[in-house]
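Below, each chain spelled out in residue letters.
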Amino acid sequence: MLGEYAAEDGRILAGGQSLVPTMAFRLAKPAHLIDINGIAALEKLNVENGSLSIGACVRHAAFHRPALAGPLGALLTTVVHHIAHYPIRLRGTFCGSLAHADPASEWCLVAATVGADITAISTRGTRTIAAADFFAGIMTTALAEDELLARVNLPVLSRDTRFGFCEFSRRAGDYAIAMTLATLRLEGGAIVDPRVGVGGAEAFPRRIPEAEAALAGRAPNEAVLRAAADAAAHAIDPLEDIQADAAYRRDLVRAMTRRALARACA
Amino acid sequence: MAQPKQKFVGRSVLRLEDRPLLTGAGRFAADISFPGQLHMRVVRSAHAHARILAVHTADAAALPGVHAIWTAADVAHIPPIDFRLTKLVGLEPYRQRALATDRLRYVGEPVAAVFAESAYVAEDAAELVQVEVEELAPVLDALQEPQAFADGLRSEPAVVRKGFGDVDAAFRKAHTVVELDLTVGRHSGVPMETRGLIARHDRTRDVLELYGAAKVPHWNRAQIARMLGRALESVQLYEGHVGGGFGVRGELYPEDLLVCAAALKLARPVKWIEDRREHLLATNHSRQQSHRVRAAVDADGRILAIDDEFFTDQGAYLRTHAATVTDLTAAMLPGPYRVPAYRAVGHVRLTNKTPCGTYRAPGRFESTFVRERLVDAIATRLDIDPIELRRRNLITAAEMPYLRTLGTLGTEIELDSGDYAGLLDKTMAHLDWPALQRRLAQRRAADELVGAGLVMFVEKTGLGPRDLARVSVDGDGAVEVVTGAASVGQGVETVIAQICADALGVDYAGIRVVHGQTDRIAFGMGAFASRVTVMTGEATRIAAAKVRARAVEVAAELLQAPPDLLDVVDGRVVRTDAPEGPSISLGEIARTLAASPDGGLCAESWFQTDHMNYPYGVHAAVVAIDRGTGAVTVECYLVAYDIGKAVNPMLVEGQLVGGVLQGLGGSLYEEFRYDERGEPLCVTFADYLLPTAREAPPVDVLISEDAPSPLNPLGLKGAGEGGASAVGAAVAAAIDAALGMPGAVTALPVTPRKMREILRQETL
Ligand SMILES: Cc1cc2nc3c(=O)[nH]c(=O)nc-3n(C[C@H](O)[C@H](O)[C@H](O)COP(=O)(O)OP(=O)(O)OC[C@H]3O[C@@H](n4cnc5c(N)ncnc54)[C@H](O)[C@@H]3O)c2cc1C
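From first to last, the protein sequence lines are chains L and E.
Count the first sequence with our numbering and you get residues 196 to 461, in order.
Count the second sequence with our numbering and you get residues 432 to 1195, in order.
Calculated directly from the structure, the hints in this document are not laboratory data.
Hints are not guaranteed to be accurate.
To give an idea of the chain E side of the interface with chain L (calculated C-beta under 7 Å), a few residues [unchecked claim]:
(1) G1059
(2) T1060
(3) L1112
(4) L1120
(5) T1123
(6) R1125
(7) E1126
(8) R1184
(9) R1187
Derived DEER-like restraints, expressed as beta-carbon distance ranges [to be verified]:
(10) L285(L) x A877(E): 24 to 32 Å
(11) A829(E) x Y281(L): 54 to 62 Å
(12) D633(E) x D440(L): 56 to 64 Å
(13) T1064(E) x A235(L): 38 to 46 Å
(14) E563(E) x H280(L): 39 to 47 Å
(15) I234(L) x G455(E): 30 to 38 Å
(16) R707(E) x L285(L): 16 to 24 Å
(17) A235(L) x G496(E): 39 to 47 Å
(18) P1080(E) x A235(L): 31 to 39 Å
(19) I234(L) x A940(E): 49 to 57 Å
(20) L574(E) x H280(L): 38 to 46 Å
(21) D388(L) x T1064(E): 28 to 36 Å
Keep in mind that this is a model prediction, so the values were computed, not measured.
Where a beta carbon is used, it is the ideal one built from N, C-alpha and C, also for glycine.
Kindly produce the complete structure, drawing on both the sequences and the hints.
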């Protein structure tokens, strides 16, 4: 159906929590809506081959309690409570968030940080896109108009992976003005496999190599975490909007990164 | 006759309003529909300032379902919207018309109106109306020199001057002069229910009916009748449930005239429900002011004089309130302090932004911020404890009533009663202020940014000049109170029923209280200025007392008993000496009076007063600042408020807590911002940040009744605004304390970004 209607301004309707408000503001006026709600095959949420597979109809609320044991389940449960408000989480979908690609989407940050694989299907076939190649700009992705984002696979994190998440928004439930998700392991008192993802601060969430480099192989002390946070603050190309100018966004990225790392290392 | 007992007044009885609201029987504007109704959509200016060259409606008119499209020419017969409360003259040229004629003066200004078979078609058609313009440079700063508003008119319609004493002499002999520049941001009341209006012309009776009225139905009725050239009796306004007013809802706006004129002209009912974006663009804004204030003080910190020059950013037109906010700011600035000499010069300046009106505690939120910042600055300068400094300057209980020699809203300000120092003592004891300060000092020593602020204020409530109420008992004993009050959700029915119940001798729960219906009572002032409990309450009490006296008089005859041995208890006239003896119900008395010349058991009464009364209070806030983000968290908040007599303490508390939340909005979150072209940036709830339950601190309320008003027998004062008045001042003081930087806050709202800028100065 999407193959048929995409060319005539057809759009997928998932949870409707982003699309419907934009339609209410008359900013989006799709000619056709293809409602994927109720398609049982898209409601799947399970672990297969070392990754958590999240179908297109899995709602945010599915993560209110850990979807799996271990750090990944705990990470998703920590993060989900920062997404909007309870009623919105009952409708909005994980995959819809990625397709919508708001710069401040928590799930986009998770996907970018842990390295999600994103599966797109169309009448032309199925392809898998790595998170690092998926986001292209503010609310733009590698998805073609006729592609359905069918599922997202998140690699299951090893038992000894630690994570820390920290977000700043003006009010509880608002989109983040800046947020950081960090994952790492500690081996013999040194940081191993650090991943530092920053969201809400640039056109799309991404890992910050400069911050990761400041951590790798070092002891998790105050000076190292501070250096990584400073590196993240310098590395970003900050968005500017009514809430935050560039300098303030850098300040926030610094604070969020410090705190996320402190939580990961605690 | 036995004295009436206070059985209901003073108790936190449950709200009579809640049954329909909680059982889904609420009837708000959008719930009202009539067969055959048309839906109105207003086409609004997309330009802050422009000359209209042409309005093209042909494309829109061609859309199926569009019934009519109006532009300025269609409403040329309707005069501009008048002022309700002003004694200033010469302001007429600055009034707004129903539709813009040749200039557009703010984004959101109505230019055309579409009437269609459905709200959706109307909205589609409105998008097709093209307004051809020549853009003009907008004025966006009230501090900028006034510009030409129209031929021969400047964009400063009025300068309000108030004062007394020899200010210049006081400054000459002052030990110290303290000077501040302070600003309050543009924000406003944002009720949960947006505006909504449904007009219908009943051609059978030739009555124009308007549903969705609020706040001031009687005044609006008179204006609509006059402006549309109709007899008063042929226009009726009906108030349904109102989802919040806060001063902005219920004023007479262009849309009120458009729906009424269209219902008459198009001979179909016309419905208009404002959407949220429209609300944030079109409904009154408020608060935006810049002050340059200075104080002359002696060596002990005693205030010798205050001199304030300020600028109100009034937006594009003078609406119904004209210069009320500026006037109240100037009049209320001295607050609870003895100020021997005072001068206020308030410039009312027009800008190309949404026009402004009054918002809960108009002029007090602003002037309390200014005055209390000034007092804190004096304390810092002279190194005197800020609370001690306040004590030295407070007007004492012995000085009451205290004539301020200032006037506002047509009244002389005479502080009627109060023990300001007494309430300050109570508050400090309640908070255990020294212990609180010790705890905060310990936390600061551990590198936390925490602090407490405490400020004082005087409110004004119970604005006259009069109110009318009619109390009647029917043959079944049912009691009805018909008032000219309005309910914006504050509990009018409950409070009026409580007052009536005690004065009459019946249960409050069975009393029907009518408000906001112009066909039920000829006079009504409505709900504003925290006036209903005082004014309508006292009119009701007098009327109910008359009914009681009449009932006792009749019962004395029927029961063959001396009137002084009779009492009215639970709706029956009983003998006080034999409570179990023969008695007679009010219903029976009403039946015997049905054929009498008074037309039954009923009475109508006026209450008149030339003065407002003046409750007062203390606000205290404890805040914590996040060094990394600049976010300010209000950890806890206290309002101490002397209300004279609380008819229903639960409702008083609700009013105060709600007011605090709105005050916190204006202090930390809410601001209508504009870009350099006059484009509004906050037109959704994603950008106009209302505090939510998650941001609400625990609010402690201390209600005191030390200073009943001598102006009415129950001692009533109002409760509507004191929760909001001092929040900006208290939060600012607490932030200063947390930072250890006195005077750090000079502008509201304190956003995290601004806070970070202040913190950068701290670390320099
Ligand atoms: C008040 C409010 C606050 C919010 N706060 C946050 C927040 O803090 N953080 C946050 O991340 N989000 C927030 N959201 C957005 C919410 O999380 C949305 O649910 C989410 O962004 C989109 O998911 P959805 O399922 O609702 O998508 P929809 O609204 O149905 O669709 C969004 C877009 O994605 C497309 N789309 C959806 N699913 C697919 C698919 N499977 N394949 C291809 N295209 C698809 C649609 O065509 C549409 O263009 C908020 C929303 C609201 C209303």
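Hint by hint, here is what the structure shows:
1. Proximity of G1059(E) to chain L holds as hinted, the smallest CB-CB distance being about 3 Å (cut-off 7 Å).
2. With 7 Å as the threshold, the beta carbon of T1060(E) comes within range of chain L, its nearest partner Cβ sitting at about 5 Å, so the hint holds.
3. Given the 7 Å rule on beta carbons, the hint for L1112(E) holds: about 5 Å separates it from the nearest Cβ of chain L.
4. With its C-beta approaching chain L no nearer than about 5 Å, L1120(E) sits inside the 7 Å limit, and its interface hint holds.
5. Interface restraint check for T1123(E): the shortest CB-CB distance to chain L comes to about 6 Å, inside 7 Å, so the restraint holds.
6. Here the hint on R1125(E) is kept, as its CB sits about 4 Å from the closest CB of chain L, short of 7 Å.
7. Interface restraint check for E1126(E): the shortest CB-CB distance to chain L comes to about 6 Å, inside 7 Å, so the restraint holds.
8. Contact between R1184(E) and chain L, as hinted, is supported at the beta carbon level, the nearest pair being about 5 Å apart and thus within 7 Å.
9. The beta carbon of R1187(E) comes within 6 Å of a beta carbon in chain L, closer than 7 Å, and the hint placing it at the interface holds.
10. Against the hinted window of 24 to 32 Å, the Cβ-Cβ separation of L285(L) and A877(E) comes to about 41 Å, which falls outside the hint.
11. The given range of 54 to 62 Å is respected by A829(E) and Y281(L), whose C-beta atoms sit roughly 56 Å from each other.
12. A C-beta distance of roughly 57 Å is found between D633(E) and D440(L), which places it inside the suggested range of 56 to 64 Å.
13. A beta carbon spacing of about 45 Å between T1064(E) and A235(L) agrees with the range 38 to 46 Å that was offered as a hint.
14. Taking the beta carbon of each, E563(E) and H280(L) are about 43 Å apart, inside 39 to 47 Å as hinted.
15. Against the hinted window of 30 to 38 Å, the Cβ-Cβ separation of I234(L) and G455(E) comes to about 34 Å, which satisfies the hint.
16. The hint said 16 to 24 Å for the Cβ distance between R707(E) and L285(L), and at roughly 22 Å that hint holds.
17. At roughly 40 Å, the beta carbons of A235(L) and G496(E) sit within the given window of 39 to 47 Å.
18. Under the hint 31 to 39 Å, the C-beta atoms of P1080(E) and A235(L), about 56 Å apart, miss the expected range.
19. Separated by about 54 Å at the C-beta atoms, I234(L) and A940(E) satisfy the suggested range of 49 to 57 Å.
20. The supplied range of 38 to 46 Å is met by L574(E) and H280(L), whose beta-carbon atoms lie about 39 Å from each other.
21. D388(L) and T1064(E) have their C-beta atoms about 35 Å apart, which keeps the hinted 28 to 36 Å range intact.
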